[in-house]
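First to last, the protein sequences are chains G and Z.
Note that my numbering has the first sequence beginning at 1, numbered continuously upward.
Note that my numbering has the second sequence beginning at 1, numbered continuously upward.
Treat the hints as calculated values from the structure; they're not laboratory data.
Backbone N, C-alpha and C define an ideal beta-carbon position, used for all residues, glycine too.
It cannot be assumed that every hint is accurate.
Stated by the list, open to error - Straight-line alpha carbon distances no greater than 27 Å define the calculated DSS-like cross-link-like pairs of lysine-lysine that follow: (1) K323/Z x K203/G; (2) K256/G x K152/G; (3) K243/Z x K165/G.
Unchecked claim - Listed next, the stretches of chain Z that the computed footprint assigns to chain G, with coverage defined by at least 3 CB atoms under 8 Å from CB atoms of chain G: (4) 215-222; (5) 302-310; (6) 316-323.
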Amino acid sequence: MNQSLRETVKRLFTEGKVKSVLGYREHPLSKAVVATLITRPEDADTLIFDDRCVQNLARALTRDLPLPVGIVVKGCDGCAVSMRITEGDFAREQIVAIAVACAGVRADGKTLDERCQRCEMHVSPLADVTVGDTSSLPKPEKTRAETIAKIKAMTPAERFAFWQKAFEPCTHCYACREVCPLCNCAVCVTDQNAPRWIEQTAKPSSNLMWHMIRAFHHAGRCVDCGECQRACPEGVPMHLLDLCLAEDVEELFDFKTGVKQGGKWPFLLFNPEDPDSWLGGPHRG
Amino acid sequence: MADGMRLSRESLQAALRQRGALWAPNDAGHWSQVEALPELGPIRPRRPVKDLFTPPRREIARWKAGAGPAEIEPAQPDQTPGSVFGVRPCDARALLLLDRAFLQPSCVDPHYKARRENLLLIGVACQPGPNCYCGVFGFGPDDKDAVDVMLTPEAGGFVAQAGSPRGQAFLATVPAGAAVPLAAPRPGPQPEWWTGLPDPKALYANFDHPMWHELGISCMNCGVCTQYCPTCQCFTIDDESFKGEIQRLRIVDNCQRSDFTRMAGGHNPRQVAASRLRQRVLHKFSYIPTQNPGLLGCTGCGRCVDLCPLDRHLFADVFEIMKRINQEAERVA
Ligand code: SF4
Ligand code: SF4
Ligand code: SF4
Ligand code: SF4
Ligand code: SF4
Numbered sequence: 001m002n003q004s005l006r007e008t009v010k011r012l013f014t015e016g017k018v019k020s021v022l023g024y025r026e027h028p029l030s031k032a033v034v035a036t037l038i039t040r041p042e043d044a045d046t047l048i049f050d051d052r053c054v055q056n057l058a059r060a061l062t063r064d065l066p067l068p069v070g071i072v073v074k075g076c077d078g079c080a081v082s083m084r085i086t087e088g089d090f091a092r093e094q095i096v097a098i099a100v101a102c103a104g105v106r107a108d109g110k111t112l113d114e115r116c117q118r119c120e121m122h123v124s125p126l127a128d129v130t131v132g133d134t135s136s137l138p139k140p141e142k143t144r145a146e147t148i149a150k151i152k153a154m155t156p157a158e159r160f161a162f163w164q165k166a167f168e169p170c171t172h173c174y175a176c177r178e179v180c181p182l183c184n185c186a187v188c189v190t191d192q193n194a195p196r197w198i199e200q201t202a203k204p205s206s207n208l209m210w211h212m213i214r215a216f217h218h219a220g221r222c223v224d225c226g227e228c229q230r231a232c233p234e235g236v237p238m239h240l241l242d243l244c245l246a247e248d249v250e251e252l253f254d255f256k257t258g259v260k261q262g263g264k265w266p267f268l269l270f271n272p273e274d275p276d277s278w279l280g281g282p283h284r285g
Numbered sequence: 001m002a003d004g005m006r007l008s009r010e011s012l013q014a015a016l017r018q019r020g021a022l023w024a025p026n027d028a029g030h031w032s033q034v035e036a037l038p039e040l041g042p043i044r045p046r047r048p049v050k051d052l053f054t055p056p057r058r059e060i061a062r063w064k065a066g067a068g069p070a071e072i073e074p075a076q077p078d079q080t081p082g083s084v085f086g087v088r089p090c091d092a093r094a095l096l097l098l099d100r101a102f103l104q105p106s107c108v109d110p111h112y113k114a115r116r117e118n119l120l121l122i123g124v125a126c127q128p129g130p131n132c133y134c135g136v137f138g139f140g141p142d143d144k145d146a147v148d149v150m151l152t153p154e155a156g157g158f159v160a161q162a163g164s165p166r167g168q169a170f171l172a173t174v175p176a177g178a179a180v181p182l183a184a185p186r187p188g189p190q191p192e193w194w195t196g197l198p199d200p201k202a203l204y205a206n207f208d209h210p211m212w213h214e215l216g217i218s219c220m221n222c223g224v225c226t227q228y229c230p231t232c233q234c235f236t237i238d239d240e241s242f243k244g245e246i247q248r249l250r251i252v253d254n255c256q257r258s259d260f261t262r263m264a265g266g267h268n269p270r271q272v273a274a275s276r277l278r279q280r281v282l283h284k285f286s287y288i289p290t291q292n293p294g295l296l297g298c299t300g301c302g303r304c305v306d307l308c309p310l311d312r313h314l315f316a317d318v319f320e321i322m323k324r325i326n327q328e329a330e331r332v333a
């Protein structure tokens, strides 16, 4: 894998297809896998891909990078890049997606990450080049519906109590926001103080407000890369809420995030046919 | 070699309760008030002990909303006497640095001062974990220099030694146990590749080095490292209102946030990730040691390494930066 990845990247440089490449390297001292940006073909030899490449590098894409930029993407990461192109963060030709065959990653070095256990993707749908053997990738061990079944089975009152308790440890550090490739607002709602939409300190009202807005802003956009969950220093299960909304969006709008370029993106398009049962409209979902 | 004093858990607990309230880390690694001495983990808890002295959210004043001049009620410093049990050397050393910020004679924080004066620090020696780096800063898991009392756990209790005159006075109130000879202080762990602290001046001289930008790509400025760091001390002021009452709060802030240096006019001198990452490294390894000889901006607790969602390693980065600076200096020479 590493060998063909490095050769592919060198070729992209020599053919003039990329000016820089975002990828993973093993830190020579800490041995941890960290993000790296290379701008010369010879540095491709530092790139790696294996099951320690947990991060979603799509969060590091900015227009300040030497463009076009190549980016090493797993399945979920590629969906996020695709989403960012669709939303207009980048022109398609500014990005070269280097899709790696991903059998799943292991943040703890042992067990398959939770999101990988339910992954149906494994290879990015956005792929300019593909590296690795894509023929024998694992089937999902469980579904998203199973992951959230417990929550869906709750009454509204139980659900409210569940979330209130779940958000209690949140300190409003906003790490979940910073690592999310799709938290790409110019100024986050929680950083605005005129008006102050969300109070800055942890308490039941601000916790609920922050997590509700965060989740709504990800409806139909979250690609289930799991970065937010991994980043949270207090173990708040906020990503479960994203999953609940993803399930709803798929059901109501027949839409899977990031899989296709363009198309009817629920969050971006107004459609008079949109279901609006919560407003008492005719489309009772 | 000096002697330590053998203490049973029960007699220590009774003496501490006699003195006043008791704080200790809870199961979630947060500092909370407790009735009895809890079992501790092997190393520092998730949250640094600074939370008791400069908490993430502190009320400064409150007033009623409405027309006319407000009656402002300043918050009163908490003078509850008591003790903090389970303080680790890295966290205690960090308080020495916070003292510089909050007890400066020209600008004393009365809340911090009250806490420092009223709370006895009861240290407990650690079993270092994989990301413990106190050895980098020349102390170790049973260092007593910044606590009032240092306890080394043993079956059924502790061996206690005083770290300060206040700790000495407290130990005199505990029914004396047998005197036991103290072992030599244990050296603290450090990365096997570590060769020494960087030169603060050389670091600053490389303020404009391109490597900051190269490193910047590996950091998302999420701020977890700074918010869980025992030495980080930045705060901001904000108001919150509830049922017609307004609270003015001092709340935690950190230099990794993009709006930390944003001016009212919109200008932001630290625009990009790299400049914020550089601030964190230079503040800890250059500015603080330059301005406060003998004090450290980092105490090696390793929380930032444990918690970084992008697996960045502060010491590995600092080491690589210094290696590069030194190599380039040699090439020029
Ligand atoms: S919300 Fe979480 S899982 Fe979804 S895209 Fe953002 S970081 Fe990934
Ligand atoms: S959910 Fe976790 S990561 Fe997000 S703001 Fe709260 S504490 Fe921080
Ligand atoms: S860094 Fe040192 S003092 Fe701090 S918890 Fe680890 S062993 Fe103890
Ligand atoms: S925790 Fe890691 S990613 Fe977050 S600001 Fe610190 S070094 Fe950067
Ligand atoms: S910089 Fe990191 S290792 Fe140093 S004191 Fe802060 S959290 Fe601990």
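Evaluated hints:
no., hint, in the structure
1, K323/Z x K203/G, "violated (45 Å)"
2, K256/G x K152/G, "holds (20 Å)"
3, K243/Z x K165/G, "holds (23 Å)"
4, 215-222, "holds (count 5)"
5, 302-310, "holds (count 4)"
6, 316-323, "holds (count 3)"
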